[in-house]
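Q: One letter stands for each residue in the lines below.
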Amino acid sequence: MAELTHMIDSEVFLAFSTYATIIVLKMMLMSPMTGYFRLTRKAFANQEDTSLTSSTEDKKKMVRVDPDVERVRRCHQNDLENIIPFVVIGLLYTLTGPDLSTALLHFRVFVGSRLCHTVAYVLPLPQPSRALAFLTGLVTTSSMAYRVLITALYL
Amino acid sequence: MAELTHMIDSEVFLAFSTYATIIVLKMMLMSPMTGYFRLTRKAFANQEDTSLTSSTEDKKKMVRVDPDVERVRRCHQNDLENIIPFVVIGLLYTLTGPDLSTALLHFRVFVGSRLCHTVAYVLPLPQPSRALAFLTGLVTTSSMAYRVLITALYL
Amino acid sequence: MAELTHMIDSEVFLAFSTYATIIVLKMMLMSPMTGYFRLTRKAFANQEDTSLTSSTEDKKKMVRVDPDVERVRRCHQNDLENIIPFVVIGLLYTLTGPDLSTALLHFRVFVGSRLCHTVAYVLPLPQPSRALAFLTGLVTTSSMAYRVLITALYL
Chain A
1 MAELTHMIDS EVFLAFSTYA TIIVLKMMLM SPMTGYFRLT RKAFANQEDT SLTSSTEDKK
61 KMVRVDPDVE RVRRCHQNDL ENIIPFVVIG LLYTLTGPDL STALLHFRVF VGSRLCHTVA
121 YVLPLPQPSR ALAFLTGLVT TSSMAYRVLI TALYL
Chain B
1 MAELTHMIDS EVFLAFSTYA TIIVLKMMLM SPMTGYFRLT RKAFANQEDT SLTSSTEDKK
61 KMVRVDPDVE RVRRCHQNDL ENIIPFVVIG LLYTLTGPDL STALLHFRVF VGSRLCHTVA
121 YVLPLPQPSR ALAFLTGLVT TSSMAYRVLI TALYL
Chain C
1 MAELTHMIDS EVFLAFSTYA TIIVLKMMLM SPMTGYFRLT RKAFANQEDT SLTSSTEDKK
61 KMVRVDPDVE RVRRCHQNDL ENIIPFVVIG LLYTLTGPDL STALLHFRVF VGSRLCHTVA
121 YVLPLPQPSR ALAFLTGLVT TSSMAYRVLI TALYL
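Chains as they are written, first to last, in the UniProt record's numbering: chain A, 1 to 155; chain B, 1 to 155; chain C, 1 to 155.
Worth double-checking, as some hints may not be accurate.
Derived SDA-like pairs: lysine to any residue, alpha-carbon spacing no greater than 25 Å straight-line [to be verified]:
#: 1; chain 1: C; residue 1: 60; chain 2: A; residue 2: 55
#: 2; chain 1: A; residue 1: 61; chain 2: B; residue 2: 78
#: 3; chain 1: B; residue 1: 26; chain 2: C; residue 2: 131
#: 4; chain 1: C; residue 1: 42; chain 2: A; residue 2: 42
#: 5; chain 1: C; residue 1: 26; chain 2: B; residue 2: 131
#: 6; chain 1: C; residue 1: 60; chain 2: A; residue 2: 131
#: 7; chain 1: B; residue 1: 42; chain 2: C; residue 2: 124
#: 8; chain 1: A; residue 1: 42; chain 2: A; residue 2: 22
#: 9; chain 1: B; residue 1: 26; chain 2: B; residue 2: 102
#: 10; chain 1: B; residue 1: 61; chain 2: C; residue 2: 124
#: 11; chain 1: C; residue 1: 42; chain 2: A; residue 2: 77
#: 12; chain 1: C; residue 1: 60; chain 2: C; residue 2: 80
#: 13; chain 1: A; residue 1: 26; chain 2: B; residue 2: 131
#: 14; chain 1: B; residue 1: 42; chain 2: B; residue 2: 123
#: 15; chain 1: B; residue 1: 26; chain 2: C; residue 2: 151
#: 16; chain 1: B; residue 1: 60; chain 2: C; residue 2: 41
No lab work stands behind these hints: they were computed from the structure.
If we strip away everything but chain A, and leave its shape as in the complex, we get (with noise of 0.2 Å):
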């Protein structure tokens, strides 16, 4: 791998930490708009959380499942599943030294990818939309994993 002290002030390491904290952003946003959701809908998952709200609906029947909320959570879930890996490799993948280029194709593809999946999820759009995007993300990170393999391999 490249010497650290010139990769950290590297522009490969610049554009990783944007793109990285831009897209973990993002996925901290979908808690707000699982909060945002379970108020609208009066749909919380713990007794005491129906205090929250001030309707005066009976509040027994707040704790409830709604299509709607499990769908921003699933959302969130295959946020978590796809942008930590990505994060974890990319940022070994900055440390192997990658064209610029190359580095700024695969952030954006990334990032790109996953901003379309949350539309296609929330929205909804129709299939294939969605699985195009994750497959998308999965590639992405996918062809990172491959170059830190062959760079660094040591079993």
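Fit chains B and C to the supplied structure of chain A, relying on the hints for placement.
A: Same frame as chain A, but now just chains B and C:
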């Protein structure tokens, strides 16, 4: 970003390593806690798991959902959704060379807020205690993300 | 902590990169495996996903929960809860400058335990095989966390 050779041995990096390890260990403890509740409540997710208890009751009925187990699992899931973004963004934040006192403030507030969140979720405490603990953590991570983006922005 | 310029090109770092990438790739494979079970069992989470199968059966009935799909999903969730802490704590552990042989032992035991865990979960094997694989991974990560804390402790 600051030169890493100087950063990595800095007090900010040591502080990040300490607080990140503590809060990730806390998150890992949720797994044994779930196991403890599954064993004591006799509520398992898999048929083969019922052999782990010496109870002579009907083992088929032990594959069931228990409210206490689900509460711990939701707490664990919320940890995954919030502690991992903290670790990712906190590492990049550490590399931007923040003041030690500012960095310590972020790390301590985040770790404190997540400890409060777990207590508020598992006991449970009345709302909005858990909501406030959750929001405090979210704002802390967002504040670090803001510094990463203004320091490293490279699109 | 050891000076990073020397650490990052060290064999410990290369070994960490290799094992972390392998086990994160394994975790990512759980997504296509879930998709495969959803398609073959005709059990989808979203109404729009039923268009991905060419089956002529009633598509409304395909939005359902299937035990095999849920088993793979629980395995994936357990991976998230254990592999990500390993990656975070393993990276910090690598930067504390451990012996190569000790580090390799940790990385190999962890990766091996998680491969056993997946086999034990998906087949499934009788308990306590899965419980032992899970505990082995937990103890390995905790051992690395202990070294991070005694090396870097800064509260």
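Q: For every hint, state whether the structure bears it out.
A: Hint by hint, here is what the structure shows:
no.	hint	in the structure
1	C/60 with A/55	violated, 33 Å
2	A/61 with B/78	holds, 23 Å
3	B/26 with C/131	holds, 20 Å
4	C/42 with A/42	violated, 31 Å
5	C/26 with B/131	violated, 35 Å
6	C/60 with A/131	holds, 19 Å
7	B/42 with C/124	holds, 20 Å
8	A/42 with A/22	violated, 30 Å
9	B/26 with B/102	holds, 23 Å
10	B/61 with C/124	holds, 19 Å
11	C/42 with A/77	holds, 21 Å
12	C/60 with C/80	violated, 31 Å
13	A/26 with B/131	holds, 20 Å
14	B/42 with B/123	holds, 20 Å
15	B/26 with C/151	holds, 19 Å
16	B/60 with C/41	holds, 23 Å
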